[in-house]
Amino acid sequence: MECRPGCGACCIAPSITSPIPGMPHGKPAGTACPQLMNDMRCAIFQQPDRPGCCSGLQASLEMCGESREQAMIWLQRLELATRPETQ
1 MECRPGCGAC CIAPSITSPI PGMPHGKPAG TACPQLMNDM RCAIFQQPDR PGCCSGLQAS
61 LEMCGESREQ AMIWLQRLEL ATRPETQ
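Heads up: the sequence shown runs through residues 1 to 87, numbered per UniProt numbering.
Heads up, a few of these hints could be off.
Derived DEER-like restraints, expressed as beta-carbon distance ranges [unchecked claim]:
#1 L61 with G22: 17 to 23 Å
#2 G6 with R83: 26 to 32 Å
#3 E85 with A43: 29 to 35 Å
#4 L61 with G26: 16 to 22 Å
#5 Q58 with G6: 15 to 21 Å
#6 E85 with F45: 31 to 37 Å
#7 P24 with E69: 26 to 32 Å
#8 L61 with P24: 32 to 38 Å
#9 P5 with P84: 30 to 36 Å
#10 R4 with P24: 28 to 34 Å
I should point out that these hints are in silico values taken from the structure, not numbers from a laboratory. Heads up, the beta-carbon is just placed ideally off N, CA and C, and yes, glycines get one too.
Turn these sequences into a full structure, and let the hints steer you where they fit.
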């Protein structure tokens, strides 16, 4: 499956704990990655400084759903399900 044009959900919904160009400490969930371009594509796609967690995400019907909104909901739920416990 190819990425949906104009989506960018995977660049907004999840948190990223590894450095990203423009955010050396990663990014919080729900915040757009600084590498997300205006057309909602990744500026560092297939570049060596792209975080491994990003390249590990692959477009799929399960993750992307039928719309950008469905993708955001699925990724937000995944973020909550995999968030470390706080003490």
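A quick look at each hint next to the structure:
1. L61 with G22: 17 to 23 Å: 31 Å, violated
2. G6 with R83: 26 to 32 Å: 27 Å, holds
3. E85 with A43: 29 to 35 Å: Because 34 Å falls inside the window, the suggested range holds.
4. L61 with G26: 16 to 22 Å: The hinted range 16 to 22 Å is violated for L61 and G26, with Cβ atoms some 28 Å apart.
5. Q58 with G6: 15 to 21 Å: The hinted range 15 to 21 Å holds for Q58 and G6, with Cβ atoms some 18 Å apart.
6. E85 with F45: 31 to 37 Å: Once the Cβ atoms are compared, 32 Å apart, the range 31 to 37 Å for F45 and E85 holds.
7. P24 with E69: 26 to 32 Å: 31 Å, holds
8. L61 with P24: 32 to 38 Å: Given about 34 Å between the Cβ atoms, the range holds.
9. P5 with P84: 30 to 36 Å: Roughly 33 Å apart at Cβ, these two residues keep to the hinted range, so it holds.
10. R4 with P24: 28 to 34 Å: About 29 Å separates the Cβ atoms of R4 and P24, which means 28 to 34 Å holds.
Violated hints for the displayed structure, listed by number in ascending order: 1, 4.
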